[in-house]
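Colleague: Given these sequences and hints, build the entire structure.
As a plain string of letters, each chain reads:
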Amino acid sequence: MIQKKICMLGAFAVGKTSLVGRFVRSIFSDKYQTTVGVKIDKKIVSVGDEQVNMMLWDLHGEDEFQKVRMSYLRGASGYLLVADGTRKDTLDIALSLHETIQESVGTIPCILVVNKSDLSDDWEIEKSELDDLATNHWEIIYSSAKSGEGVEEAFQSLARQVV
Amino acid sequence: MSDSSTQDDSPKKTPSDVTGDSLDELRRLILNREQRELESLREDVEHLTKRPHALTPDEVSDVLPDAIVRRTGQDRQLARALSSTVEEAIQTSVKKDPQPLVDAIFPVIGPAIRKAISNALSSTIQSLNTTLEHSLSLQGLKWRMEAMRTGRPFAEIVLSHTMLYQVDQVFLIHKETGLLLQDVESGNTTVQDADMVSGMLTAIQDFVHDSFTVKKGEQLDTMQVGDLTVWIERGPHAIIAAVVRGAPNQELRVVLQDAVETVHLEMEVAFQDFSGDSGPFAAIRPHLVSCLQIQLAEDEETKAKSPAFWIILCACVISLSIWGFVSTRDAWRWSAYLDLLEDEPGIVVTKTGTRDGLFYVKGLRDPLAPDPATLLSGTGLLLTDVSGEWEPYLAFRPEFIVQRAARLVSLPETAKLTYEDGTLHLSGTAPMIWLKDARERVRYMQGVAGLVEADDFLTEEMGRMLDMQALVENLTIIFPVGSSRLNPGDYRQIETVTNTVRALNSAAAAVAISTQIEIIGHSDSTGSAAMNTLISTRRAMRVRDALVDAGFPASEFIARGVSATVPVDDGSQDRIQEASRRVSFHVLVSDRASDEETRQ
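If you read the sequences in order, they're chains A and B. Each residue of the first sequence is one higher than the one before, starting from 1 at the first, in this note's numbering. Each residue of the second sequence is one higher than the one before, starting from 1 at the first, in this note's numbering.
It should be emphasised that the hints constitute simulated quantities derived from the structure, not laboratory data. Heads up, some of the hints might be wrong.
To be verified - Under the rule of at most 30 Å between Cα atoms (straight-line distance), these lysine-lysine pairs were calculated in the DSS-like manner:
#1 K175(B) to K67(A)
#2 K215(B) to K175(B)
#3 K127(A) to K67(A)
#4 K351(B) to K362(B)
#5 K146(A) to K67(A)
#6 K115(B) to K215(B)
#7 K416(B) to K436(B)
#8 K42(A) to K175(B)
#9 K215(B) to K67(A)
Modeller: This is the structure in structure tokens:
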């Protein structure tokens, strides 16, 4: 089985941990995120005939108090950038993280996951803004940790890219 | 094409020749390139035919890089083939000029040396820590005795007992990605999800490295939680993390280092090509399994006991027996000594016990009582075994009162004191002046009401007077038959009587006693009674006159004759008759004070 290191990144409280909580195998407590700054989970997906063991490094959300440790991204095969559709600044943070990662790690597969699609009425992120990103070759997946919408799709899509 | 002059100068050609030339020309025009290639191939074939194994330098230079890469990926044959050549080349280079090689390895040799020293120091400190941890415990004391018995250093003994560990799990983790390449575990270990654990181990190492100020190249090598230790050995591409239960020794560290080096040596290409597939690394599982070491403590029960052990055990038993015997014996002796003390008059025991390893006794002692130390001689205890603390006191036992009184009054040897009903009784003889002083002294004695003279007590003066009285009364003067005259030789007897009476008078005066001497004249039984009375009276008066002549007052004597009324009943008849013609003396005693009262 092929293993891949996948990082989950995004602003604080965008729903990274909730997003994957119901879909991954976990043995570590969430407190590792606030202490060590990362919690490692595992998600096995199928790509064609091949099983891919995705080691998910769920990094502590970035905010004004804590920055993402770039050393945790070393050796990553891809990453999910998670933004909260109801908070526009989380998209800015995600894009900023993307630039930082490209500078430090290089260009690796990436998917932008816009979470909380179940609260579309409260969204602050403009559809046009996301469309612009899509036209610039961003792969964008709308998800809901509450309903499970788009979660499997996000992992599946990233797995296809990294294999 | 060809020109005409050329055709003119040439020999005459037949049609067939013309046809052949044309064909050659046509062949040259059409197949010129192929012919040259064919010619080249022919030359190659001829060259290979002549030297079938030879390659030209150009050919070798073309294929050499690819050949090296391919063969290195297949096996280690090329490395083995080149090793001696490379060694010789390095030796030649160093002999020629070592500086280029020094410059080349300088960036790596420094960190390598530092890491080696760091590992050695860590090993030493770990040994020291282990030694110190066990120095002050009960187990440590036991091991220290073992060190003394075997003559081995204490630290070595500690390490030999603490080399008890088991490697539960070994992870081979890709250094760059933190992905698990392989893992092995011992059979009795509960294993968590290994690939997540390996990722978290990598994250923690990064966390420590990022969070604390560490020098470049320094990494987290050890993690410890309770009885579990995680030792990490790292190589260029991967790390080996061993989860150890117990107290591992440095030999395990060497095993892990060897495993890391071997894995990198064998999987160099796999590391280069790694893209998430851990399959190729299954080949190195035996190296990881070799790291699953277990070090069991030596079973104390099955360990053969050395002769020295039994000797020491016997020595301990004998020592304990001797100690018990000596302790019991000393306890008995001590008890006997205390009984002696308690039975001894003038000694009162108030406290007993032990102090500073000695028997201890405290109490009261009359100065006249024997020294408690002298009582030890009969018990078997030594003076150095006992510590005594005695306070003086006065015992009111009769014997002590008598002794104390005797000392106080300086009792003469001729006298004796007894104590009865609170009064001292004096017997024997003593000077009157002493008696007077003694009475004064005993008045101040505690527990003594007074000093009384017993019936058998005499003062010395009185005794002397009685002695003189007896001497006087034993004197006799023998007269011839029928005569009351003193022979010349009898005056010597008179002188004796005179001296004795003087002495009597002196002794009597000393005790305030008046004496009067009765001079008794006797006669034998021959003759008439009247004659005998007369002659006996004259004999008495003759002696009295002689004494008066010697200076004594006549009133001091009473002379009377008793004829033969007081016969002598000793000896033969002749001796009796002779002794009956005697004058004897009898001393009359009276108290001088009563005499004065009578006279008044």
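Colleague: Indicate, hint by hint, whether the structure satisfies it.
Modeller: Okay, the hints, checked on the actual structure:
no.	hint	verdict
1	K175(B) to K67(A)	holds (23 Å)
2	K215(B) to K175(B)	holds (18 Å)
3	K127(A) to K67(A)	holds (28 Å)
4	K351(B) to K362(B)	holds (5 Å)
5	K146(A) to K67(A)	holds (27 Å)
6	K115(B) to K215(B)	holds (12 Å)
7	K416(B) to K436(B)	holds (15 Å)
8	K42(A) to K175(B)	holds (18 Å)
9	K215(B) to K67(A)	holds (22 Å)
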